[in-house]
Amino acid sequence: MCGIVGLFAKSPEVEERLGAHLGAMLGQMADRGPDSAGIALYRDPAPAGSTKLSLFSEDPGEDWSALGDATVHASHAVVVLEGEDAEARLRAGRPDMRIMSAGQRIEIFKEEGDPRGFVERFGLAAMSGSHGLGHTRMATESRVTTEGAHPFSTGLDLCLVHNGSLSNHNRLRRMLRREGIAFQTENDTEVAAGFLEWRLREGDTLQAALERCLVELDGFYTFAVGTADGFAVLRDPIACKPAVMAENDDWVAMASEYRAIAVLPGADSATVWEPEPARVYSWERGGDRAASPVAGPLAETGV
Amino acid sequence: MGAVAAEAELVDLTETPLRELNMRLHAPDPAPRWRVAHPSGAHAVAVGIDAEVEVDVDGHVGYYCAGMNKRATVRVHGNAGVGLAENIMSGTVVVDGYAGQSCAATGRGGLVVVHGDASARCGISMKGVQIVVAGSVGHMSAFMAQKGALVVCGDAGDALGDSIYEARLFVRGSVASLGADCVEKELRPEHVAELEDLLARSGVDADPAGFRRYGSARALYNFDVDNAGAY
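So the sequences go chain by chain: A and B.
Residue numbers for the first sequence follow this note's numbering, beginning at 1 and rising by one.
Residue numbers for the second sequence follow this note's numbering, beginning at 1001 and rising by one.
Hints may contain errors.
[To be verified] No farther apart than 30 Å at their CA atoms in a straight line, the calculated lysine-lysine pairs in the DSS-like style are these:
no.: 1; chain 1: B; residue 1: K1147; chain 2: B; residue 2: K1127
no.: 2; chain 1: B; residue 1: K1127; chain 2: B; residue 2: K1185
no.: 3; chain 1: B; residue 1: K1185; chain 2: B; residue 2: K1147
no.: 4; chain 1: B; residue 1: K1070; chain 2: A; residue 2: K241
no.: 5; chain 1: B; residue 1: K1070; chain 2: B; residue 2: K1147
no.: 6; chain 1: B; residue 1: K1127; chain 2: A; residue 2: K241
no.: 7; chain 1: B; residue 1: K1185; chain 2: A; residue 2: K241
no.: 8; chain 1: B; residue 1: K1070; chain 2: B; residue 2: K1127
Because the hints were derived from the structure by calculation, they are not lab data.
Isolated chain B (complex conformation) (with noise of 0.2 Å):
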């Protein structure tokens, strides 16, 4: 530690546009830190940053947080509706509380971080994101998901991983369905060190060997009449 932190800039929503505070955080050279305060659930608060700063936002957001991130940090101080870090393309989002559904949809990199549940469809066409999360999902997750990991603490509603590509799924806990295409695979020495790099990135405490790893059987790929069914 060199230099003395930089000061946050304090963005108190009540006094603030929520337009206003996005355009900030767009302008070229924004300030390294940034502080929001009374979101009341207001939704696209943060969102389309493309820049190295961290923003902290305290209390309950709406629909879509950080959507579109790249580079930046995010963290929310409470819980995020629908939609948070949809198509994420770098950077990090953390929720401290619950994310609502289709949390980190289409996502393309970067790391989507939630303390508490996620909602329905969590990780749905997931590009290459990577999700932690410390609770229990919800029905459709990873729907489609094609590349990423999506790791949960907790359990998996129904349909996990329906007609999934080849995105990487680590369950602790049970899982209530698996969807078309969605298999159970062997846990293996290089996805033990993949979760355990995840969880400490993630401040996750949970034990990587306690996982188990489902991913696309690939009987999908091609179009197969006996399949029909299940397509």
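The shape of chain A in the complex, shown without the other chains (with noise of 0.2 Å):
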């Protein structure tokens, strides 16, 4: 089953208490996915010439200061590290920590258990940010793990969140393993995520990679994509998986049902639809981030 929310803040009201909102959403959809929770957030820019990495210990008393200025979330912290190539040396330096998300902006937290419960671990009521995604798991095509939870990562300040089931991951995963895209679980997500990354790569656009989803992904999905500067949503061409969404003057959201949007400030009286099969839907920020309003879906292609 799965639940999938996302928010993108138009006013500094919502952006303040985008994680309150989020996690109250992702609490709506806890019955879809009872199994694991978790979100990507965009805020907070790390300074140009560094990276900013969500990482994530098994280790209970894992001493996050040893790596620098970090903030603790439950099991997992954020860090700001110098240089474009942290990643990498984070990586070869602890191979047992998992990085969960690295980029500007993305910060992403994800664990098994309870949805509710990974709110208030997580402190979600406290925190804010432009734009975040976040999913309720009902695990289906791999096991729960927390690796397993989404949003996954694709790629620097990329992230998807999936509702639905992919039949053609193994082979697609043999033929990206190929292309030099490394996976670290089972699941069927992670593909569609590493999909994204190798189609960024090969220099695609968003829209162009998302639409090269519809001819190369075989089963059910709704995703919804989270970038340093907004969000897309894709539903498959047959659409069996719900998707909902509602924008006013203060947000657009995304939900996997209406009850996720019903709890936020002024959902009554937003403008509410099914987004159409085989269509992205995308938002983005101006350059003028406070100000700037966001048009309707800005990128709306029939395949």
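Join these two chains into a complex; the hints should help.
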């Protein structure tokens, strides 16, 4: 089953309370995915030349301060390290540590267990951000582990959440490994994330990479993809997996079900619709972060 | 108007459990009028009613609202999620906003009115229900439709009426594509009269003469090896 949520702030008030809103949305989707939960949040850009990393350690006694200036959230920590090769350096020095995300703005937290407990443990209510995605997981294709929880990072500042299941992920994983994409789990969504990473590396725009998913991926999916500046939504051509979107002057939201949107301020009077199948919807922030209005689905392509 | 209209029973779903609302609606001789507040996208609001009652829901509902409805009139003053009025037997279900996919699926009778758009698979496997959509419908609408009428004042998505039996489909706007065995048919005076009646009963303002009619070519009724690719 699984539940997915996404929220994009268009006002400073919503940015300020983004974590609280996202946590409330996630709580509504708890019974669609009681196995694990996770979020990706975009905020506090790292200084130029530095990389922000979200890290997970299975060791509850992990000494995060040894890595530098770390902000600890339950089993995760966010560290900003100098140099654009920070991710590779850390991977070499601490192969036991799991890097959940890397980039300038992205932070990913995810864990096994009940989504409502996750919201509490990670203190979502106190987090701000420009936009974020969340996921509650009911596992079908691979084991319930923290690594198998969503969002999956798909390269710098990119992430993917998925409701559905892919049936050709083993063949695609073999193909992508030959292309040099690394995988850490047997999870089907990680393959979709790796597929996007590969297409973007080959020069596709996000729009083109998502359209390529329609051709190459076999299975059911509603995807939400987070980028440094916004997010995109895609449903497979059959569109069995649910998705609903809503927008008002203060926010754009997507969720598996409307009840996750109903908890947002002003939801009653927002414009609500179901995204069409095989069509990419995306929202991006303009140059002027706080003031730029976001005009509907910017990029829409019928396939 | 003789006596003063009965006061509506007020049910606030932030205070009353949904199951209690549905049980009260299912009880013998329920109150004739109901007003439901704060549905907040809840699933299965006002399902399985078998009584001549009127239910007004103020807000958006989740899945399967007014499912299996018999005789009742259910009005949603908001949007509805997946499976609105699924398997409706009789009565009327009206949504002011949009309806999610599989609206009025397998419906056997009654009238379902959507004043906004309906999503994919509207009227899938309909078996006698009448559906009027003031906006547009998504792909695979009226898939395997067997009986009844689907009126679409806007556009229809891909594969309209795929594998249709005998339902009548009326579309005023464009049709992205027709499904297997669905063809355009002549709009005769009796169809214009039927449309006039349906639009009037739905409170939807549209010129009945402006529609095109689609229905079954009846080429898939019996197995024909030449049709193998269309099954």
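May I ask which of the numbered hints given earlier this structure violates, with the numbers listed in increasing order? 7
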